[in-house]
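Number of protein chains: 2
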Amino acid sequence: MSLDLSADVASLTEQLVNISSVSHDEQQIADAVEAALLSLPHLTVTRRGHTVVARTDLGLGERVVIAGHLDTVPLNANLPARLEEGILHGLGSCDMKGGDAVMLKLARDVTEPLRDLTFIFYEAEEVDSVHNGLRKLTVSDPDLVEADFAILMEPSNAAIEAGCQGTMRVDVRTTGERSHSARSWKGVNAIHLAGPVLARLSDYVAREPEIDGLTYHEGLNATGIRGGVAGNVIPDECVVEVNFRFAPDRSEDDAEAFVRDFFEGYDVTVTDMAAGALPGLDRPAAKAFVDAVGGEPQPKFGWTDVAQFTKLGIPAVNFGPGDPMFAHKQDEHVPIEHIERCERILKDWLTGESA
Amino acid sequence: MSLDLSADVASLTEQLVNISSVSHDEQQIADAVEAALLSLPHLTVTRRGHTVVARTDLGLGERVVIAGHLDTVPLNANLPARLEEGILHGLGSCDMKGGDAVMLKLARDVTEPLRDLTFIFYEAEEVDSVHNGLRKLTVSDPDLVEADFAILMEPSNAAIEAGCQGTMRVDVRTTGERSHSARSWKGVNAIHLAGPVLARLSDYVAREPEIDGLTYHEGLNATGIRGGVAGNVIPDECVVEVNFRFAPDRSEDDAEAFVRDFFEGYDVTVTDMAAGALPGLDRPAAKAFVDAVGGEPQPKFGWTDVAQFTKLGIPAVNFGPGDPMFAHKQDEHVPIEHIERCERILKDWLTGESA
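Protein sequence lines, in the order shown, are assigned to chains A and B.
Following full-length UniProt numbering, the numbering of the first sequence begins with 1 at its first residue and continues without gaps.
Following full-length UniProt numbering, the numbering of the second sequence begins with 1 at its first residue and continues without gaps.
Calculated directly from the structure, the hints in this document are not laboratory data.
Just so it is clear, CB atoms sit at the ideal spot from N, CA and C, and this is done for glycine as well.
Check before you lean on any hint, since a few could be wrong.
[Stated by the list, open to error] According to the in silico footprint, chain A covers these stretches of chain B (three or more CB under 8 Å from chain A):
(1) 240-251
(2) 273-285
(3) 299-308
Model the full structure from these sequences, guided by the hints.
So, in structure tokens, the structure goes:
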């Protein structure tokens, strides 16, 4: 499977969507992206796992990172891509192959940028952060990530979304006692004990704090549940997997304390944690980009890797095609107009020209 | 792995326990049992899958079936066997390799029975009844199952337990709508919707009807739960696997109606059903055996294959070593004294002699 970078950005998005790339299965798409970038003589290409980096080295005073992940959530009967009335449907179309296509077009076309450019196409963003390709890169090759400003092309309606919410995962575990289900009264059913855990989750009321003029929206949800030994055994363990999305005014410690308090009386194990990022729109580099794009910045609800850049002290925003409301949904889709708008705005800003 | 039938019944039980035979993995134990039986010239041996049948053909007026399953529930850190102060511990010791060992000893030693004998060692009793080796045999070789009376060596404290409760399995399904967990309020969480299902199960009060002087005890339990798409997706489906154990005064239709009514408002799918068996102690063949054994018959809570024999019109009882309360428990065990008592009582009854 090879990519045709001379195609328009909409066709290129469709090509990317049609290379299935569920997390942990990104070899094929990374190979295609790497091969396409290697054909561009003005870029230096580095590969780490299924993460591909392409950089200009023009010795300009500033450097901008533009980043996008290559993986998607699992298939949900939503491939191959389907173009209909200016909307491209299909797994990954919104989150975030529209953004990846813009990056590939910029990588090909912007040969004389005002600032040096680093394009990072990375693996495993949709799974536990320990697998995250960008996080790994900051450890293995910190110099490849260095920049004065970062743009993450996560879906944000082709407008700037600032900051991001944090995300943590916990296992909430109930413990009972096994017995034969024909004599269930001799055991203690751990799945039944999980009922009140689910009831608490149903009763949860989300906090919606305002930060730097942007209104965030937290969320606490079971994303998985498992329990059971055999069809005739009273189960002695049930685990509810919970995801807490928290506003960027909470630290990781605050978030953990909230969740432990919420599930008081239950065995809670933290399995994953990624801090959020404050909007940071007061930083000069961010301000300049906001002015260039125009419009009103919005809060970012989803955790994105802007938090990784924030942690490195690099100002970062989300700016990408697609409505994030449709990310991870069966009918995921992206308006072609969004993709084209992002391509145009970034090209203008990176070259200092107006189309 | 070969079995030594000249060993005493306790050692033979230990040999059987140490051949792991979790359901669907009975090849090794069936091979060993088959080889041991083939060494006995007074028996005709037939194998079907991992079910082994051995019969005398002496042309006597009556025939007795003695049956036991070879499989166990999953391992729970309870192998190998361990003998301690007259108690044999280990997976399958109680349910029901003590009974299987008695059968093997009788098969070897009772060469001149009063009634013709059929020993049935069968596979896959601890899983969905569609896999049950005895059920399969009644279809493939009904003549091998024919008899005037059947003794099932399920654990029953070396006393007679009569009848058995029925068992049915259902999936109770909740349906929501997927969304990204960062925008959970845009989806509907199917796992949260399962909370009230678990609450109903917790509130369930068991019926304990008296039938033919025996008191049964029903049970309704989640034996499994599953739900979840990915760690950052609001799940659109959750399935609670429920097992209903019902007293033998309910028909399969009654049982299904009860469960559907209990989970009214939810999507209920029946996945497995096996009717119970009324005690049937008024039948002459059963009565004669009860008199020979002595003591007070008890109700059988667990579903056992006496129901299969009942369906074929063959009077049947449960009579085997081990306390069924410990079946499927981590500390499963069987008193050696039970195993020896069952061997002695059956030998006396089958030969008409007293030791």
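Here is what the structure says about each hint:
no.	hint	verdict
1	240-251	holds (count 4)
2	273-285	violated (count 0)
3	299-308	holds (count 3)
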